[in-house]
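Colleague: Sequence:
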Amino acid sequence: MKSFQFKSLLLLAALIISLPSFGQGLKAFKLKNGLSVYIWEDESKSDVFGLVGVRAGSINDPEEYTGLAHYLEHVMFKGTDKIGALNWTEEEPIYKEIIAKYDQMAEEADPAKKEAISKEINELTVKAGKLGLPNEYSNLMESMGAKGVNAGTYYDWTFYHSSFPAYQINKWLEISSQRFLHPVFRSFQSELENVYEEYNRSQDDQGRAQNQFVMEKAFEGHPYSRSIIGLPEHLKNPRLSKLIEFYEQWYVPENMVLVLVGNIKAQQISGRINAAFGRLAAKPAPERKVYQNLEIKGRKQYSAKVGFYPQVAMVFNGVPAGHPDEDALDIALALLNNNSQTGTMDKLVLDGELTSAGAYTRTFREQGRAIVAAIPLYDENQRRFESTKSAEKKALKAIQQIANGEFEDWKIDAIKAEKCRQFDLEMESNEDKAMILMNAFYNEQDLGDILNYKDKIMAITTDDIKRVAKKYLSDNYLALYIEKGKPDKNAKIEKPGYKPVEPPIGKESLYATQFKNLPIGQMEEKFADYGEVQIKQLNDRSKMYYTPNKENNVFQLVVQYGAGEREFPKLGYAAQLMNNAGIMGAYEPQELKEELSKLNATCHVTADDDNLYIIMEGYEATLPQACQLLSRQILMPKLDEKQLARLKGSAMGMRQQRKDNVSILNEALRQYMLYGEKSDYIKELTDKEIYELQISELTGDINRASNYEAKVFFTGTLPFDQVYDILSKNLPLVANERPSNSPQAKDMMPVTENTVYFLPNNDAEQAQIHLYIPMQKADKKDDVLRSAFNQYFGLDFTGIVLNEIREKRSMAYTAYAFVGTQGIAGKASYLRGYIGTQNDKANDALDVLMGLVNDMPKNPERIDNIKSYLRQAMLTSHPSFRNKAMELVDLGYRGYTDDPAKENLPKVDALTFDDIVKFYEENIKDKPYCISIMGNPKNIDLKRLEKFGKVVKLNERKLFNTKDALF
1 MKSFQFKSLL LLAALIISLP SFGQGLKAFK LKNGLSVYIW EDESKSDVFG LVGVRAGSIN
61 DPEEYTGLAH YLEHVMFKGT DKIGALNWTE EEPIYKEIIA KYDQMAEEAD PAKKEAISKE
121 INELTVKAGK LGLPNEYSNL MESMGAKGVN AGTYYDWTFY HSSFPAYQIN KWLEISSQRF
181 LHPVFRSFQS ELENVYEEYN RSQDDQGRAQ NQFVMEKAFE GHPYSRSIIG LPEHLKNPRL
241 SKLIEFYEQW YVPENMVLVL VGNIKAQQIS GRINAAFGRL AAKPAPERKV YQNLEIKGRK
301 QYSAKVGFYP QVAMVFNGVP AGHPDEDALD IALALLNNNS QTGTMDKLVL DGELTSAGAY
361 TRTFREQGRA IVAAIPLYDE NQRRFESTKS AEKKALKAIQ QIANGEFEDW KIDAIKAEKC
421 RQFDLEMESN EDKAMILMNA FYNEQDLGDI LNYKDKIMAI TTDDIKRVAK KYLSDNYLAL
481 YIEKGKPDKN AKIEKPGYKP VEPPIGKESL YATQFKNLPI GQMEEKFADY GEVQIKQLND
541 RSKMYYTPNK ENNVFQLVVQ YGAGEREFPK LGYAAQLMNN AGIMGAYEPQ ELKEELSKLN
601 ATCHVTADDD NLYIIMEGYE ATLPQACQLL SRQILMPKLD EKQLARLKGS AMGMRQQRKD
661 NVSILNEALR QYMLYGEKSD YIKELTDKEI YELQISELTG DINRASNYEA KVFFTGTLPF
721 DQVYDILSKN LPLVANERPS NSPQAKDMMP VTENTVYFLP NNDAEQAQIH LYIPMQKADK
781 KDDVLRSAFN QYFGLDFTGI VLNEIREKRS MAYTAYAFVG TQGIAGKASY LRGYIGTQND
841 KANDALDVLM GLVNDMPKNP ERIDNIKSYL RQAMLTSHPS FRNKAMELVD LGYRGYTDDP
901 AKENLPKVDA LTFDDIVKFY EENIKDKPYC ISIMGNPKNI DLKRLEKFGK VVKLNERKLF
961 NTKDALF
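If you're matching positions, the sequence shown starts at 1 in this note's numbering and goes up one per residue.
Heads up, some of the hints might be wrong.
As the list claims (entries may be wrong) - In silico lysine-lysine, DSS-like type, Cα no more than 27 angstroms apart, as pairs: (1) K867 to K516; (2) K242 to K113; (3) K113 to K507.
As the list claims (entries may be wrong) - Label pairs and their computed distance ranges (CB to CB): (4) N661 to Y613: 23 to 33 angstroms; (5) D409 to K389: 46 to 56 angstroms; (6) E426 to A281: 52 to 62 angstroms; (7) Y613 to P739: 16 to 26 angstroms; (8) K389 to H604: 30 to 40 angstroms; (9) G820 to V952: 20 to 30 angstroms; (10) N211 to R383: 19 to 29 angstroms; (11) V734 to V952: 41 to 51 angstroms; (12) D432 to N476: 31 to 41 angstroms; (13) E588 to G700: 41 to 51 angstroms; (14) Y291 to N661: 33 to 43 angstroms; (15) D747 to L294: 33 to 43 angstroms.
By construction, these hints were calculated from the structure, which means they are not laboratory data.
Keep in mind that this is a model prediction, so the values were computed, not measured.
Idealized CB from N, CA, C, for every residue including glycine.
Construct the entire structure; sequences and hints are all you get.
Modeller: Take a look at the structure:
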């Protein structure tokens with residue numbers, strides 16, 4: 001499918017295809033071994049985003065060994081015969097014996113014998129663990145200031161990514177290529193346990209169960225129907241040899257891509273790319289299994305009880321990525337549902353006929369589907385949802401309207417303009433641009449087509465859309481009914497109870513020593529430039545903050561009124577209603593959406609404790625008219641009784657199911673621990689108050705909140721004075737505004753004695769454990785100490801919490817602990833920790849966490865890495881131009897007037913490991929704490945919990961506002 005030619009490395013040049021002006025910094029070439037390289041130069045960025053992608057995902061898993069692609073992603077972080085190898089000569093034969101033992105265990109049918117072999121593997125793993133350092137790769141990435149070091153596996157691809165300072169490109173290329181030369185899958189047994197944890201964790205995610213049901217039916221008979229993690233029977237019976245085979249088959253240069261986006265020059269680094277990634281041995285690209293294209297014929301209905309509330313998903317035939325109909329089909333679906341809420345399905349929501357609705361594609365490399373989903377209306381009087389059948393009938397009428405070509409041309413123009421605007425916004429981000437390039441590689445799409453996306457979109461005609469709408473949105477579809485119920489959790493993977501792996505402390509490989517001595521580019525102390533933010537008074541108290549947009553002509557306007565739900569408890573509901581409001585005497589709700597859409601603008605209203613926000617985005621040519629519509633809506637909103645009924649019904653419906661929602665219960669318990677009776681779930685409106693909401697009081701709350709002083713943030717290309725003139729004349733700002741008390745920090749609970757709150761939940765597959773220790777008031781003088789402690793103790797793979805709990809003992813998929821603040825000088829700071837683990841591991845995992853908190857291990861060798869990371873992170877973590885003004889305001893709340901790096905870099909340079917220890921001993925060690933746990937009491941020993949403090953058993957009613965409850 002590729003229609004352009006790569007130039008060789010020695011003749012590096014720009015792509016010989018027609019590129020838009022913003023794409024002129026893009027270079028693409030191939031190495032002699034077949035590896036594709038995409039480089040996008042952007043000197044405006046403070047760092048570089050890099051990824052290595054492989055055109056292999058869960059679709060390529062062997063049918064009898066599903067989950068291999070995902071397993072492989074996990075163990076690709078464990079080093080090579082050089083990275084993390086203290087004595088490879090001695091380690092290699094043990095490693096080979098482990099591989100053979102896994103084959104032996106997989107072939108053994110007797111459960112007792114399998115268990116015995118598993119224990120033998122554990123003994124060998126512990127032995128090998130003394131000769132290798134599974135975390136050395138992560139430590140080396142930390143030393144060079146790499147951020148967001150992670151990976152992902154999807155149906156069609158796997159990728160490994162991070163961002164890093166531009167001057168570290170030499171080191172990044174070296175280690176990012178070295179990891180693919182001779183990988184060693186150390187601690188495979190431990191990582192298997194972590195994948196088990198990930199699988200079990202997913203069993204509590206009802207949204208995942210719903211998605212899996214849709215995928216199983218939408219792609220029945222195709223690997224896309226399988227879970228990416230893998231089937232439980234395969235996860236329980238792994239073969240390390242099969243993982244190695246998968247790596248050798250799919251991880252070949254012809255099937256891989258290197259993408260670099262940011263502050264780099266292709267001409268300067270092409271030689272280094274060749275020297276690093278050219279070392280990968282050339283191999284032919286693997287042959288792909290061809291699957292039959294699955295076509296949906298007629299209407300077929302399926303149902304599953306896996307939802308918190310009823311909904312219907314209508315699955316239509318679609319197209320694979322890169323298909324000629326792909327973009328036209330996207331637009332056809334946008335005529336049903338779009339960000340401007342002008343679609344036919346949107347109208348059903350605005351008219352109060354459905355609770356919510358959506359239309360989207362699931363587009364993959366080989367096949368695709370078009371999906372229209374709807375949640376029935378909740379009848380507040382009968383206190384139940386309407387039937388899914390009624391939702392399907394309503395949706396069908398909306399779909400048939402589009403399939404029959406019954407839509408106005410201006411809607412096509414508006415949708416195309418919105419898609420172009422979203423593309424412009426993606427082009428502002430290193431990561432988004434890298435993902436676009438990566439997807440082009442995976443799907444073998446022409447880069448010219450990808451980058452000329454806006455021209456392609458604008459060239460699509462109304463006739464094109466009518467054709468694809470009629471073709472795909474037909475009578476051939478699956479009607480998937482999701483009913484209220486709990487998914488089957490019988491496939492849980494039990495804990496095996498392995499001995500922990502204990503790698504040597506304070507040692508490093510020869511490779512690490514050499515790596516740290518590699519030359520780097522010229523380091524520059526480049527600080528964030530907040531000087532370009534212009535500020536001017538709008539009224540007595542309100543101010544405008546202006547930041548120039550040098551990348552495109554998409555403006556962003558945020559009006560932040562300084563009063564929120566603290567002053568007006570019903571403001572959140574009022575804001576939701578405003579999103580579906582018209583203008584009194586002028587526009588019905590959808591008419592107003594259409595007027596804004598014609599102006600190529602979108603608007604959204606939201607509220608939190610501190611503020612009411614109005615967020616608008618669009619093209620500057622229509623800025624005055626968009627602001628005028630906004631002002632009229634705020635001053636004279638037309639709110640609809642049917643919309644209010646839908647809003648109340650939606651809120652009631654959500655409350656009806658949350659006692660079964662593990663995620664909501666976990667968050668309510670966490671908030672109760674932190675804030676007590678001031679938890680959002682306890683402060684919330686009662687059921688009766690929601691039931692009695694009136695349009696008049698909600699309209700009044702919007703008017704009252706908009707009478708407070710405002711901060712107006714604007715980014716765009718128009719000159720400052722012109723923007724000031726437009727906004728000062730057209731925004732809904734009053735004179736003599738009321739002064740704001742925002743932001744305020746919510747009072748956090750004091751802790752005078754060690755306490756354990758336990759919430760029994762027989763349905764939770766994973767125990768959710770939270771830790772809280774209140775600390776001193778926040779002061780910017782401690783910012784460096786907090787950051788250093790967090791980096792050492794528990795924020796990522798280099799921290800001791802994740803290392804001890806996950807890496808060594810496989811007790812949890814997620815574990816962390818960090819010191820945080822409320823973002824306001826003089827307000828509370830605290831230590832928070834978290835573990836998500838199987839119920840039968842909860843006691844042991846908590847023992848480890850509290851052991852670390854009460855007696856932090858000391859590893860002074862980490863200080864150089866920590867200082868290096870903090871320094872480089874400070875110099876490359878610059879806000880985008882769209883966030884710069886808001887970031888400046890937030891810095892002011894913390895006590896800064898400019899880039900904190902200017903004050904804090906000298907503190908980083910003077911930092912010692914003793915400073916970290918002192919910070920820990922003064923603020924955390926032996927301080928009273930609170931622990932909250934939600935889990936299954938059948939598997940958690942409550943008696944063992946008593947050693948951590950007074951155990952207080954809670955029930956769900958204690959966590960919510962039950963006054964005047966209707967459920």
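Colleague: Does each hint hold? Answer for all of them.
Modeller: Hint check:
no.: 1; hint: K867 to K516; result: 14 angstroms, holds
no.: 2; hint: K242 to K113; result: 21 angstroms, holds
no.: 3; hint: K113 to K507; result: 37 angstroms, violated
no.: 4; hint: N661 to Y613: 23 to 33 angstroms; result: 27 angstroms, holds
no.: 5; hint: D409 to K389: 46 to 56 angstroms; result: 34 angstroms, violated
no.: 6; hint: E426 to A281: 52 to 62 angstroms; result: 35 angstroms, violated
no.: 7; hint: Y613 to P739: 16 to 26 angstroms; result: 18 angstroms, holds
no.: 8; hint: K389 to H604: 30 to 40 angstroms; result: 32 angstroms, holds
no.: 9; hint: G820 to V952: 20 to 30 angstroms; result: 24 angstroms, holds
no.: 10; hint: N211 to R383: 19 to 29 angstroms; result: 28 angstroms, holds
no.: 11; hint: V734 to V952: 41 to 51 angstroms; result: 48 angstroms, holds
no.: 12; hint: D432 to N476: 31 to 41 angstroms; result: 35 angstroms, holds
no.: 13; hint: E588 to G700: 41 to 51 angstroms; result: 22 angstroms, violated
no.: 14; hint: Y291 to N661: 33 to 43 angstroms; result: 36 angstroms, holds
no.: 15; hint: D747 to L294: 33 to 43 angstroms; result: 57 angstroms, violated
Violated hints, in rising order: 3, 5, 6, 13, 15; the structure is consistent with all others.
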